[in-house]
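J.: Residue numbers (this note's numbering), protein chains in the order written: chain A, 1 to 210; chain B, 1001 to 1210; chain C, 2001 to 2210; chain D, 3001 to 3210; chain E, 4001 to 4210; chain F, 5001 to 5210.
Just to be clear, a hint being listed does not mean it is correct.
[Said to hold, decoys possible] Label pairs and their calculated CB-CB ranges:
no., chain 1, residue 1, chain 2, residue 2, range
1, A, Met23, E, Ser4026, 29 to 37 Å
2, E, Leu4146, D, Arg3024, 31 to 39 Å
3, D, Gly3157, E, Gly4057, 23 to 31 Å
4, A, Arg28, F, Trp5115, 28 to 36 Å
5, D, Lys3003, F, Arg5064, 51 to 59 Å
6, D, Leu3015, E, Thr4042, 32 to 40 Å
7, A, Arg28, E, Trp4022, 55 to 63 Å
8, A, Leu15, C, Arg2047, 39 to 47 Å
9, A, Ala52, D, Gly3168, 35 to 43 Å
10, A, Met23, E, Arg4119, 28 to 36 Å
11, E, Gly4056, D, Gly3157, 28 to 36 Å
12, E, Trp4115, F, Leu5204, 51 to 59 Å
13, C, Thr2123, E, Arg4119, 52 to 60 Å
Worth flagging that the hints you see were computed from the coordinates, not collected in a lab.
Quick reminder that beta carbons are idealized off the backbone N, C-alpha and C, glycines included.
One letter stands for each residue in the lines below.
Protein chains: 6
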Amino acid sequence: MVKFGETHVLCTASLEERVPPWMRNSGRGWVTAEYGMLPRSTGERMRREASAGKQGGRTLEIQRLIGRSLRAVVDLEALGEVQITVDCDVIQADGGTRTAAITGGFVALHQCVSWMEARRMTTVAKAVKDHVAAISCGIHEGTAVLDLDYAEDSAAGTDANFVMTGKGGIVEIQGTAEGEPFSQEQFDELMVLARKGIARLVDLQKMAIG
Amino acid sequence: MVKFGETHVLCTASLEERVPPWMRNSGRGWVTAEYGMLPRSTGERMRREASAGKQGGRTLEIQRLIGRSLRAVVDLEALGEVQITVDCDVIQADGGTRTAAITGGFVALHQCVSWMEARRMTTVAKAVKDHVAAISCGIHEGTAVLDLDYAEDSAAGTDANFVMTGKGGIVEIQGTAEGEPFSQEQFDELMVLARKGIARLVDLQKMAIG
Amino acid sequence: MVKFGETHVLCTASLEERVPPWMRNSGRGWVTAEYGMLPRSTGERMRREASAGKQGGRTLEIQRLIGRSLRAVVDLEALGEVQITVDCDVIQADGGTRTAAITGGFVALHQCVSWMEARRMTTVAKAVKDHVAAISCGIHEGTAVLDLDYAEDSAAGTDANFVMTGKGGIVEIQGTAEGEPFSQEQFDELMVLARKGIARLVDLQKMAIG
Amino acid sequence: MVKFGETHVLCTASLEERVPPWMRNSGRGWVTAEYGMLPRSTGERMRREASAGKQGGRTLEIQRLIGRSLRAVVDLEALGEVQITVDCDVIQADGGTRTAAITGGFVALHQCVSWMEARRMTTVAKAVKDHVAAISCGIHEGTAVLDLDYAEDSAAGTDANFVMTGKGGIVEIQGTAEGEPFSQEQFDELMVLARKGIARLVDLQKMAIG
Amino acid sequence: MVKFGETHVLCTASLEERVPPWMRNSGRGWVTAEYGMLPRSTGERMRREASAGKQGGRTLEIQRLIGRSLRAVVDLEALGEVQITVDCDVIQADGGTRTAAITGGFVALHQCVSWMEARRMTTVAKAVKDHVAAISCGIHEGTAVLDLDYAEDSAAGTDANFVMTGKGGIVEIQGTAEGEPFSQEQFDELMVLARKGIARLVDLQKMAIG
Amino acid sequence: MVKFGETHVLCTASLEERVPPWMRNSGRGWVTAEYGMLPRSTGERMRREASAGKQGGRTLEIQRLIGRSLRAVVDLEALGEVQITVDCDVIQADGGTRTAAITGGFVALHQCVSWMEARRMTTVAKAVKDHVAAISCGIHEGTAVLDLDYAEDSAAGTDANFVMTGKGGIVEIQGTAEGEPFSQEQFDELMVLARKGIARLVDLQKMAIG
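Next comes chain A alone, as it looks inside the complex:
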């Protein structure tokens, strides 16, 4: 269970001895993610996706982002032909659920791979090559700020998510203007802020992994 202020996400990793059909006999493993929100995780009750009969576009987009981010720091060859599914379920939401899911999902993934390593199920000593964490930030009343809560988020002119590794490499950048476009200077400012925030998250991940 990962908590960032009022955002609580339950992250678990499950290991299966089968890979997606298009990867069979490749000798490589796969890491995928699923994301869900409980209907009452938000202030207003949301419709349950299972009852709606399909996952919405936002859910699919977030799932793909989480999976991509986690795969960037894993040596898939070293896993052998297994699939690790990381489930991220939002119990309570107050902004930044996708970045919380990546940051917490990394911890679950790391524990799963450590468990495999302890059983000599990987071909290298360290199949997780680096940390990966994510942070959201935005421009609120003219100032670049980290970790917007939901009220600030709605009012923010710009919303950006950064996914970076422990060594400072960039895995994913998403910046979106809600309303007015933003300038190059504003974006650079956000990136400096994000880099600091992610360094702190990586420290917290190290403590969690122990």
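Start from chain A and add chains B, C, D, E and F according to the hints.
T.: Same frame as chain A, now just chains B, C, D, E and F:
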């Protein structure tokens, strides 16, 4: 959050000012329930229903049971034309999730109706007429036992769920033989046991409601 | 075709040489049921489930009940790896369609297994171990009555279904209070009544099987 | 219930006081049809469409044909803003289910409109302007034949369906070569045969309507 | 890209080395078709079928017709176990899209099979046995006319599609009365007209194939 | 029809006098986009989404991006309560379909709004406030390059999309590492390149609009 041993269910109630189409202009309210399990609530990861594109038969059956049980103790006329949706999400499962959902769902429902009463949104002082709680029991190695955990449940010859009110009225009885049919005497024994268990759950509900 | 008063259900059994994926290589067979109602089987035309794009919760619940009831009297080991699908289609409905489906479905199942036995496709002489039949009853204007028709059913305070074997074993009990909860005494009274009714149905099954 | 040899179709008509959205406030009525086959109506059990989650292309094609054929002989203006749904459910199939459904569906439709006329719910005395019936034929071993049974149908080189009115007008012609194309002469021969067969079916409809 | 006046259809053929499950190990190939309309191909924007979540009845009916028509002139044995999928996508529509799709789909199919023949992937020299083309016609203000545009089509009392081979064999005939039934004489007149039109289309196909 | 090298996208804008339910009575308009690929737009035939029964995650993600980008330069208040749907259908694909769709979609949107302005359907003279265009770039063999074709794209270590306005404001930035994370310097280099490319696209849009 309701915990029965290793079974943890998150129960919330949401109030909406609209009723199902077939109840419009009836002047009466409605209580319904939705039920879900997180993919990793069980030992083996289950497929996410949102991603499968539909809710399975078991989920639909449980949702209907929870809704029916809760409606049995509510004065729907007194609510006016509103709908209360009780969401029961299983975070961790070890047998008896449907009975835990009813027992915990009652507490969430009660708090929601109390909130309405405090705002004079109901036409009577007590729109919740009685307590309702549920318990599962079964016959394990020849003995009638309460609250089977998952391992016992799988081995049990008979599985029964009882839903009763605080005054001892029966709302629902479901008894199923898994394998060998059971006898009248065995069933009577289960009922005595269930009645005692439910009395204890109602006491706990009273403490929770305060 | 089974007729109980104005309720007519068409029951057929189909044999396939394959079992559900999770039973492969178990050496055991499976019995499953599907249930449907023609759109005009009821007074008001119902929406066709095929056109709605999915089976409703009530249909799935009934299908599961029929399958469970029939499996309770079959020696699945003796069938070998085959699946018997019992289709129960309601042509005309006037209350008690699920109990009619179980009682009639047993006859179709029995004929199918006899056909297999005649071809020495089972490993024991009698793969159907006992009869199974079902009956619905309820409390109408204070009196416990059998086989409610649709008008009585709607007015009944309590609706109960019993599934029992020819030897008197209980396979399934479902009792539901519609509105007011019911008492222990009322339930006991219903059970006595059901037991008598089922004995009569088993006699009729014997005549049908010949 | 219509029976053509071993093909049995249950046809019913249901009246509703609402029309499809695109016809509202047009002052005209609508006639539509739904078609289904019971899973065991054929020799080999078919998959139930409700359980497959959608109606197949063949079902949708047949439903549209039945609806179109019936509308051709009804004065939709005279009905007022109501919808008549004709359900055609195949209980047992041995070739020609779509033509049996049209021929029998007409009788159900006629009875429904007569019922409306008796209650002065139509603006003209005779809202059904003519009979409509359908027949299938084909070329079997070089000879044009009517009402192919299933075995002949599979072997036939050409399969044709004709929908005509009591006065001899053509409502629909569908001719399909299965395998070898057919010639103009062969098609003309089929049409002569169909015209005779439909005249006989219209006589039978008159007897059924009485 | 096939253009018939203002109707533009993009036809392509794709070869896959697998056949539908029910044809495996038959040694024969299969030809199938898929049909779609861009949302803005018509004057009024239509709903996108992918977003509606299913293909409508009309689309499925047309796909089946195209596939059937193309298979009528192909020696499926000669292809070996491969599947050719002909995609027909309507870019701009002004009546007669299904007949344009068949006529243009034949050219795409022919090129695909020629490509196979050049690589000696077929067992005979000419796996496409004949030409196939389609034309629509109708009765507009009392006169039989070819290639109705959309405005005429809506006003036409009768709409007919003919699919014929280069040698004059009939593959498919569909004639539908929209409103008033039509007479035998009118139908014969349409057929004469269609035969002439198809002969011209076959000439154009020969030029396209070169 | 927009062509960027071998990538051809058909973009159209459709005007409807209704807005999504959650915007009713807001007095504001809405701009949305739908995106599709013809099955044969790529080298290997893709499965048709309409036949698969749902739009994939990638399609939903792209649709949302196109809609967001176009809304960033439109004065929604000025449109009044109408919805403009921009359809982007990929006829032929060779990398960069989403950026081509935004750039071409802007032209279709601009023409639609000009048409409205000519009919005085907007409350301001210029409801489209600025240009918006998009470009994709990546790092191919160590060098930052614009407009990767499909072969380069697959081999690229980093893939980035930029959406900017005519005045240089940033609407959306998406940068993704496929495999190795990228550095700050590399990302800055890509941004300089993108800014130049977009300026050129805006010039081309001005010529197209005339």
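J.: Output the numbers, in ascending order, of every earlier hint that fails for this structure.
T.: Violated hints (numbers, rising): 4, 7, 9 and 12; every other hint is consistent with the structure.
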